[in-house]
Amino acid sequence: MRNTSFLSQTLLTATACLFSMGAYAQDTIKVGVLHSLSGTMAISETTLKDTVLMMVEEQNAKGGVLGKQLEAVVVDPASDWPLFAERTRQLLSQDNVDVIFGAWTSVSRKAMLPVLEELNGLLFYPVQYEGEESSKNIFYTGAAPNQQAIPAVDYLMNDLGIERWVLAGTDYVYPRTTNRILEAYLKAEGVADADIMINYTPFSHSDWQSIVADISRFGSAGKATAVVSTINGDANVPFYRELGNQGISSLDIPVIAFSVGEEELSGIDSRPLVGHMAAWNYFQSIDTTANDEFIAQWHDFIGNSDRVTNDPMEATYIGFNMWVKAVEKAGTTDVDAVEQAMIGIETPNLSGGIAVMNKNHHLSKPVLIGEIQSDGQFQVVWETDGVVPGDAWSDYLPGSKDLMSDWTYPTRCGNYNTVTQTCSGGTP
Amino acid sequence: MRTLLLLICCLVFQMAAAQQAPDSAQSTPERDDNVLPSLLLELTEANFRRMPTLVTEIEQAGGRAVLPLLTVLQDGQLYYQVDTRELVRRQESDGGRVTLTDVFSDNERIDVDNQSLEMVRINNRLRAVLQATIARIKLFEGNDAERAEAASIMLSNLDEDNLVVLNEAIADEQVPSVAAMINVALAMNLLVTDAPQAERLAAVEALNGNLEGPVRNLLRSFLDELGRNEQDLEVRAAMASALASIERKVRFYQLMEQAFYGLSLGSVLLLAAIGLAVTFGVMGVINMAHGEMLMLGAYTTYVVQMLMPEFITYSLWVAIPAAFAVSGLVGMFIQRFVIRYLNGRPLETLLATFGISLILQQAVRTIFSPLNRLVVSPEWMSGSWDINPVLSLTNNRLFILLFSIIVFVILLLILKKTSLGLQVRAVSQNRDMAKAMGIRTDWVDAMTFGLGSGVAGIAGVALSQLTNVGPNLGQDYIIDSFMVVVFGGVGNLWGTLVGAFSLGVANKFMEPMTGAVLAKIITLVFIILFIQIRPKGLFPQKGRAAE
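Those protein sequence lines, which keep their order, are chains A and B. Residue numbering for the first sequence follows the numbering used here, beginning at 1 and increasing consecutively. Residue numbering for the second sequence follows the numbering used here, beginning at 1001 and increasing consecutively.
For the record, the hints were derived by calculation from the structure and aren't laboratory data. Errors might be hidden in some of the hints.
[To be verified] DSBU-like cross-link-like pairs, simulated, lysine-lysine; straight-line CA separation at most 35 angstroms:
| no. | chain 1 | residue 1 | chain 2 | residue 2 |
| --- | --- | --- | --- | --- |
| 1 | A | K30 | A | K136 |
| 2 | A | K68 | A | K110 |
| 3 | B | K1520 | A | K110 |
| 4 | B | K1416 | A | K223 |
| 5 | B | K1520 | A | K187 |
| 6 | B | K1249 | A | K187 |
| 7 | A | K359 | A | K136 |
[As the list claims (entries may be wrong)] Here are the computed distance ranges between Cβ atoms for each label pair:
| no. | chain 1 | residue 1 | chain 2 | residue 2 | range |
| --- | --- | --- | --- | --- | --- |
| 8 | B | E1045 | A | T288 | 17 to 25 angstroms |
| 9 | B | R1365 | A | S305 | 55 to 63 angstroms |
| 10 | A | G190 | B | D1172 | 44 to 52 angstroms |
| 11 | B | W1380 | A | F203 | 30 to 38 angstroms |
| 12 | B | G1383 | A | G190 | 32 to 40 angstroms |
| 13 | A | S305 | B | E1045 | 24 to 32 angstroms |
| 14 | B | N1208 | A | G247 | 22 to 30 angstroms |
[Stated by the list, open to error] If you only want the chain B side, here are some residues facing chain A, beta carbon under 7 angstroms, derived:
| no. | residue |
| --- | --- |
| 15 | R1121 |
| 16 | G1213 |
| 17 | A1516 |
If you're wondering where the values come from, they're calculated on a predicted model, not measured in any experiment. Just so you know, even glycine gets a beta-carbon here, dropped at the ideal spot from N, CA and C.
Only chain A is shown next, with the shape it has when bound in the complex:
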């Protein structure tokens, strides 16, 4: 008996070696889910894990993909950035997954990237981010800066007549890069140095009194002032509370946030936030049939009708549907084939439009600006006419102005320099 099991094990290993793509030898297609289920980021990422599981369940009910059932492999990188790289390696080389849905913070994505490129994996990254990156092995289904930050600033400048700007953020890569882009953009629009204030605070900062007083002083110079906030995570709660306590309303100094969504608002008293804004590509309050169905499905799956939906969930929804379509189009789960099949794939988004995957692995999305209501939902006050294609490399930064990303043949490069007409290869 022991011998047989040993024999079969050897045989299995041999088979696995013969077919480097493990999927051929199995009768399920494995979907890796790499979201933090513990630690600081668990607050946001647990929801996305559940979203992927919901999509997998739905797809299996429809008969799976290519006649095979999907099997979700859930691992927990515990909000520990190096662990993201280890878990990616485990998913790709031990579990042999065909695709990974995962990551939230930019630093975790940056940790996964070298492993993905080395082992030729496939990642769908569902969160708005700072751009300046394009990898063959990653599809970015969240917003690039030109699909969130730039339109938001345009709205403030043109519709609200804002002349003075506070760029406030948490001290890490996403806010720093976004603010660098925004600063360059504002200066290109003729905003003086003295009219821009930049402030960084640590993660989960709670003592906002002197910073809010500074902002209020900065805003009392007689020019319309707004705060562009890339403050991330739970530091937002004491920030808005302090604004409310110091009597600064959305009429005096409006705050537009890029990291505050329905999920973040669901745990806090939203009264001091009413009238402040957020820019996203999706809001739960959007009134379309597709969205109503999605919300109903979510409530059904999670078993709680008070749970909210948010933008990264929509990005996961779009990414998952696109991957299914691409696999069906390619007829295989082979990473290279799927990657090429992905480009040009169209699926409906939840706001009544069509999402298209572009050559640079970024989506075309509508940009929406919503005002926070007392019930923690957003009221859309402005939206772009159509969809905006995502731009991996910002046009406002000196280093990345001439770069573009095109993963179709013959260019096939993530950072093609249009001036020197060369591909610098890899990500800088």
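Given chain A, put chain B in place with the hints provided.
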């Protein structure tokens, strides 16, 4: 733009009408019964583009009597019944209890079904229009404070309509504070008109020392070559000296504000550290689970608020003893079952208590979910105490500052004046001798640890009003707490007090120059250097016992 024009047209028209009949301006103008109902009906279906003009038309048709409607709309409490389109006011208490009342009469409406209501949505543009409209009405209708505030809102927008209203109001204004505010507005207006030099000089004199933001901005603009650029040299000199004296005052109040922020940060540090000053300072136990005692206190506040949703105002007073009991009991439990067996082995105590802190965090995650919990601030804790336009102290910080000092004094009295305090000090100075004197050292250890933990629980109640209540709350304060206790001198409560406040003030005075991140780093580096020079902290314990 067109909306704005229309709005101005409507207002001018209305003001003209009001001026023609000055008597009616004092009493409530008669409602136009034909137009108003249809306008109110339109309120339920208008889009954001139409809303601002609609509000103006409603004011025009209904006069000052529509004030309740406008304030209800501004507060986001205006709802309508989907089928009948009738407007109702919907208020939700902290506990989620819904009250439906008539918008104008404030009578309770029991006949309306909450489920059939839709909210009348508003956006920022509409809020601005509402604020201006309400200010114009409140200048006549509100109480004294509201009327002064209405006048100060008008300062930043001295257009023709506002001036008409202000001129009308000053004519027989009895209340000095309101009259003063209106006079400031009129003086500001006089400066921008072509009045004779003497009148303008008098206007500058009237503005001298005024701290309102619009006044400062106006004067600055007159002195700015790209702004209004005052040509009359005499007036210009007067303006410059007025602005200089205003800015001197502003700088002084800013300094006061910074000092307050420093004291307030110090009070948070004191609250976080004071429990540790007992367990670590007096008993010498390195308790890494101290942060979790704070967290348990904060969660107790949450549970108390859940149990008494209708009495949020009093919830904190209930939470304070409850948090003391919960954290104190958990602390005694830890002492009896873990720390007691590790007496005199600091490294093992450190590791064991660190393990306990992880267990407690995970327990809270399992029971309450990893998401942050919402702890409501009672009414008396929110808002601020406005001393003048440039200096206002937020109520929650003010209360917590007082609270931290009260806690400190009580703890000091317990340690100095009670027999428990005497025994604690005896045990901490010489355990064997104390035992020989008949003190039950085991019992004293447990009580002391419970006391320290309980005080940490009380601090958690205060922290729940400032920061997020989540499983990681304790982690954010544990380093700060140790920092304060070590800096102040181990075993000395006064040291903890002085240490907390001086670190808080230093941090807040550094922050504007260096930013929040660097200020924290500099503080840490400073403490490391300080400990090198004075290893026993600010106030070292003296005498043989300390050796």
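Distance restraint between K359/A and K136/A, which requires alpha-carbon spacing of 35 angstroms or less
10 angstroms, holds
Range first: 30 to 38 angstroms. Now tell me if the beta carbons of W1380/B and F203/A are that far apart.
Cβ of W1380/B to Cβ of F203/A: about 31 angstroms, so the range 30 to 38 angstroms holds.
Can the restraint linking K30/A and K136/A be considered satisfied, given a maximum Cα separation of 35 angstroms?
20 angstroms, holds
Next pair to validate is K68/A with K110/A; report whether the Cα-Cα distance is within 35 angstroms.
The given pair, whose Cα atoms are some 32 angstroms apart, holds under the 35 angstroms limit.
With the threshold set at 35 angstroms, check whether the alpha-carbon distance from K1416/B to K223/A stays at or below it.
Outside the cut-off at roughly 57 angstroms; violated.
Closer than 7 angstroms between Cβ atoms is the bar; does G1213/B clear it against chain A? Give me holds or violated.
4 angstroms, holds
Quick check on a hinted range of 32 to 40 angstroms for G1383/B and G190/A, using CB atoms only.
39 angstroms, holds
Could you grab the alpha-carbon distance between K1520/B and K187/A and see if it respects the 35 angstroms cut-off?
31 angstroms, holds
May I ask you to test the hint 44 to 52 angstroms on the CB atoms belonging to G190/A and D1172/B?
At roughly 49 angstroms between Cβ atoms, D1172/B and G190/A fall inside 44 to 52 angstroms, so the hint holds.
The hint says 22 to 30 angstroms between N1208/B and G247/A; measuring C-beta to C-beta, is that right?
Holds: the Cβ-Cβ distance is about 26 angstroms, inside 22 to 30 angstroms.
Holds or violated: 24 to 32 angstroms for the Cβ distance of S305/A and E1045/B?
At 28 angstroms between Cβs, range holds.
So if I understand the rule, the pair passes when the alpha-carbon distance is 35 angstroms or less; does K1520/B with K110/A pass?
27 angstroms, holds
Consistency with the previously given hints fails for numbers 4, 9, ordered from lowest to highest.
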